[in-house]
Amino acid sequence: MFGLQHHSAPCFARPLRLLRVVLLLLLVWFRPIEIVTADDLAQRIDSLLQQSLAVAQVAPGPVSSDAEFCRRVTLDLAGRIPTVAELSKFLSDPDPQRRVVLVDRLLDSPEHSRRMADLFHVMLMERRGDHPEWTLFLRTSFAQQKPWDQLVREILDPQEAPEQIRGAAWFITRRLEKVGQQETDYPGLTRDIGRLFLGCDLQCAQCHDHLTISDYRQIEFQGLYTVYRNTSIRTDVKFPAVAEKPLTKKTDFMSVFDKQPLLVGPRVPFGVEQEIPQFESGQEFAVAPDRAKNFPGVPKFRGLQLIAQSLPAATNRRFAENLANRLWFVMFGSGLVNPLDQLHDDNPATHPELLSAVADAVTAAGFRLRPVLREMALSDAYQRSSCGAAAEAVLYQYGREKRLSAEQLLASVLTACGAGAPTAIADAASEAEQKRADAFVKAFGNIPGEPELEFSPSLKAALFVLNDPLMQEQIQPRGGNLAERLAISSDDTAVADELYRAVLSRVPEAEEVRFVCEYLAQRREIRQQAISNLIWGLLASTEFCLNH
Amino acid sequence: MLQPHCQSDQHQFSRRRWLGTAATGTAAAALPLFDPAVHATLLQRSAKQVLFIWLDGGISQLESWDPKPNTEFGGPFRAIPTSVPGIHLSELLPQTAQQMQHLAIVRSLCTQDNAHSSGVDRIQRGDPQDRGVVYPYFGSAVTKLLGPNASGLPPYVWIKPLSGGFMHKDAGFLGPQYGSLAFGDGKPPQNLLQHADVSDRFLQERMDIRAFADRQYARGRPAASTAANGFVYSMGLELMQRRQLFDESTFSSADVQRYGTHDLGRHMLLARRMLEAGVQFVKVNSYGWDTHGDNFNGSLSLVRRFDQPFAALISDLAESGLLDQVLVIAMSEFGRTPRVNGHLGRDHWPEAWSLCMAGAGVRRGIAVGSTSDQGTWVTSEPYDIGHMFHTWFTALGINSREVAWDNHGQPLPIAHEHCHPVAELLV
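The listed protein sequences correspond, in order, to chains A and B.
Numbering-wise, the working numbering comes out as the position in the first sequence, counting from 1, plus 3.
Numbering-wise, the working numbering comes out as the position in the second sequence, counting from 1, plus 2.
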């Protein structure tokens with residue numbers, strides 16, 4: 004349940020705190036589903052990891068500093084680094100519960116919804132481009148705190164109304180677009196549904212039972228394929244929409260090895276096959292097709308609906324485990340099961356009880372993400388320092404480095420170099436902003452179809468940071484931005500302090516203050532350029548371009 | 003099967019990079035240790051380089067490497083003697099004929115695909131058996147297998163007409179970091195040129211500040227991330243500082259005249275400079291060789307435009323001694339039909355065609371294989387592209403029958419397992 008950990012705030016905060024408790028109680032009242040949540044997940048995480056560290060005979064690493072935590076959690080939950088003001092406020096906050104307060108503030112911010120929309124866009128579309136209707140769907144969904152099962156249902160069986168969610172169809176239609184002379188990639192779509200919503204890469208099971216994974220049988224792939232290869236992109240409407248033909252008979256398939264003919268109807272992987280009802284010819288449609296308008300009609304029996312009902316369901320354990328594993332990856336930088344799309348009996352989780360606990364929590368929270376992310380962020384494991392980790396450190400003994408997405412990097416560059424306020428979130432980006440966002444994705448994103456998981460610096464990205472005008476303009480003094488504020492100041496120590504707070508979200512060490520002061524002292528006559536160089540050097544540092 | 007030498011830590015390391023070139027100075031010190039057993043061979047191998055000239059659309063073997071004058075399908079051009087007694091080339095290759103003592107010609111290619119869209123892929127990927135994975139192009143494969151060299155430059159550079167940029171498609175399952183850096187019309191990709199506001203001095207200072215910040219961050223942390231990030235910045239700076247490499251105005255006018263002022267001439271001259279600078283694999287593309295119509299006038303201009311810079315380049319590489327370490331290959335996705343079609347053109351013909359190679363590990367002054375009198379069929383042992391991959395890998399010091407790819411645990415041969423190196427082509 005929300006809000007129950009706020010008991011020990013100091014007295015001056017009491018009226019506010021009371022108000023908050025009342026508000027939260029009201030929220031709880033109006034959102035009864037959250038009464039069943041995962042509110043002891045943080046404790047369960049820590050007790051399970053404590054046990055595994057004890058077995059490995061190592062002590063947990065130190066707790067992160069406040070600055071380290073503030074940067075980490077702001078990046079994870081709001082998608083950017085903290086501003087100088089936010090950091091200072093947090094560092095000087097005497098409230099022993101300040102970390103809890105920060106997590107709750109971030110989770111309630113509009114930036115969190117935006118961060119979730121960006122995060123799931125990258126996860127689900129894997130840099131296959133973007134579409135305004137899809138963006139609208141994701142942003143509206145996360146702003147409404149739509150549960151994951153509902154969101155996935157809307158993706159698997161997209162509807163043309165209401166308008167805010169019809170863009171969900173783009174998940175399917177983008178994958179059905181023809182590339183050159185290649186056939187429509189129905190197997191790729193089927194595979195991605197398995198990978199992204201069940202954590203199961205069934206690619207090899209297209210042609211035969213998987214050779215080394217006993218639970219990936221050919222029928223798992225074929226039952227899903229039966230439904231999705233029956234779809235196409237609707238051409239009678241301008242927005243992304245999926246047409247479905249009537250499904251009249253089972254699919255025959257055979258293994259490339261034993262050539263034994265087999266049949267399967269619509270079937271969720273690892274689930275139960277559904278019978279296909281038979282209609283008299285001409286009676287297959289609930290809404291008849293209209294050839295003149297290219298309207299494909301709506302069949303009475305719809306495979307998409309069937310899959311959408313039974314795949315994203317609390318009773319489907321793999322669905323919950325997949326979400327648990329992916330959220331864990333987002334927050335902890337490593338899946339409990341790796342690779343993320345290899346959930347199966349022969350590839351057990353690094354911490355099976357933990358996967359189970361997180362999957363339970365995800366289910367208990369009704370597939371709402373915020374309560375689960377909140378518990379993860381409040382765990383000791385999440386709050387461990389990443390500093391001091393040797394290469395052979397035990398998993399979760401220290402914090403792990405996490406890759407920043409192009410979106411997080413852009414928002415962080417703007418926050419670091421800007422006028423001190425977090426970048427306002429506009430629903431519709433201006434042309435220049437869109438161009439800048441595209442340039443960041445081009446420089447820092449992976450190629451289409453490749454998941455973005457580990458930190459992978461590239462020559463392309465380095466050249467972008469080195470020479471692109473979009474980076475140069477950020478470090479030129481103008482309009483009260485960081486470069487201008489620092490250039491005006493004549494106190495080099497203060498410059499070092501603000502520089503490190505703004506870019507690296509921490510107070511500089513004595514050695515670093517000395518470095519900055521010496522550098523500036525030798526460049527009095529070109530101070531402004533020298534300051535730009537300092538900002539650039541820190542922006543290009545590994546510390547800036549990772550979440551650690 | 004043995005795995006390639008770049009496994010375990012080194013594999014991890016290079017997978018995280020865009021590509022696997024060794025850096026000089028501090029970044030090299032951060033490289034995880036190689037297995038000492040393979041380190042020596044690695045260094046030995048990494049001196050090898052490749053120039054791969056791709057004549058897209060299909061050069062006619064009858065108007066180049068395998069002329070059949072005075073035969074039914076031979077066309078109007080004569081055959082001329084070369085610097086090697088007994089070997090004749092088309093008269094469209096007069097300058098190349100004078101370099102024949104350095105060259106090896108294969109006249110007995112017999113491959114599987116006569117469509118461009120799939121043929122280019124199949125040939126450049128070595129047409130391995132279908133195992134449901136996308137094989138790397140030869141360039142990506144070579145740079146992965148040879149491992150880093152000491153140039154500090156991107157290992158796989160592609161000089162081509164039209165657009166440039168980072169081309170990942172070539173890399174197949176090796177991952178995008180083994181793709182090529184393409185110089186569209188010989189020009190460097192976006193962001194390679196230094197921003198006008200940033201002087202050399204400031205650029206160096208920025209890099210020093212960056213390095214200081216990374217040293218601070220790396221204290222008490224594993225070195226992997228800072229090493230990886232430092233590596234790409236070093237390479238970026240290296241490329242920027244050697245931007246004269248891409249400045250055509252610095253070529254001598256004598257060289258420009260010798261290579262020709264047309265695209266292929268300019269691009270071949272640029273290729274020579276890249277090879278001299280140490281780039282491991284240089285691919286040069288020339289388009290427009292698909293002479294379905296008017297093949298003879300087409301060849302007259304196309305083959306001559308190839309002849310001039312190719313002969314100049316072979317001559318230059320031989321003179322400087324670079325030819326001993328550079329493997330040169332000039333080829334297309336297939337040859338052209340002996341039969342002349344109704345438009346006086348030749349169509350696609352994978353059944354019997356030719357290529358030319360030279361340099362590292364390759365015997366010089368030979369023509370291997372033969373075709374029937376009319377050039378229609380191979381009359382000696384037919385060689386598929388798999389044979390060529392085996393031969394090229396062997397010429398580069400890579401044992402193509404023992405080294406295998408490791409595609410996420412799936413072992414895959416680097417060249418078709420039913421083919422073998424062609425001994426008569428190798429030193």
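Honestly, the hints are just simulated from the structure, not real lab data.
Careful: at least some of the hints might be erroneous.
What the hints assert, rightly or not - Here are the computed lysine-lysine pairs in the DSSO-like style, where the Cα-Cα straight-line distance is at most 27 Å:
id, chain 1, residue 1, chain 2, residue 2
1, A, 149, A, 241
2, B, 171, A, 438
3, A, 241, A, 303
4, A, 262, B, 189
5, A, 181, B, 189
6, A, 438, B, 189
7, A, 181, A, 252
8, A, 262, A, 303
9, A, 253, A, 303
10, A, 445, B, 189
11, A, 296, A, 241
12, A, 181, A, 248
13, A, 262, A, 252
14, A, 252, A, 303
15, A, 181, A, 92
To see whether the hints hold, each was checked on the structure:
1. A:149 x A:241: holds (26 Å)
2. B:171 x A:438: holds (25 Å)
3. A:241 x A:303: Given that 27 Å is the threshold and the Cα spacing comes to 24 Å, the pair holds.
4. A:262 x B:189: With a Cα-Cα distance of about 53 Å, the restraint between residue 262 of chain A and residue 189 of chain B is violated, given a limit of 27 Å.
5. A:181 x B:189: violated (32 Å)
6. A:438 x B:189: holds (23 Å)
7. A:181 x A:252: holds (26 Å)
8. A:262 x A:303: Judged against 27 Å, a Cα distance of about 34 Å means the pair is violated.
9. A:253 x A:303: Between residue 253 of chain A and residue 303 of chain A the Cα gap is close to 16 Å, so the pair holds against 27 Å.
10. A:445 x B:189: holds (20 Å)
11. A:296 x A:241: holds (13 Å)
12. A:181 x A:248: With a Cα-Cα distance of about 19 Å, the restraint between residue 181 of chain A and residue 248 of chain A holds, given a limit of 27 Å.
13. A:262 x A:252: holds (20 Å)
14. A:252 x A:303: Cα-Cα ~14 Å, so holds.
15. A:181 x A:92: Given that 27 Å is the threshold and the Cα spacing comes to 52 Å, the pair is violated.
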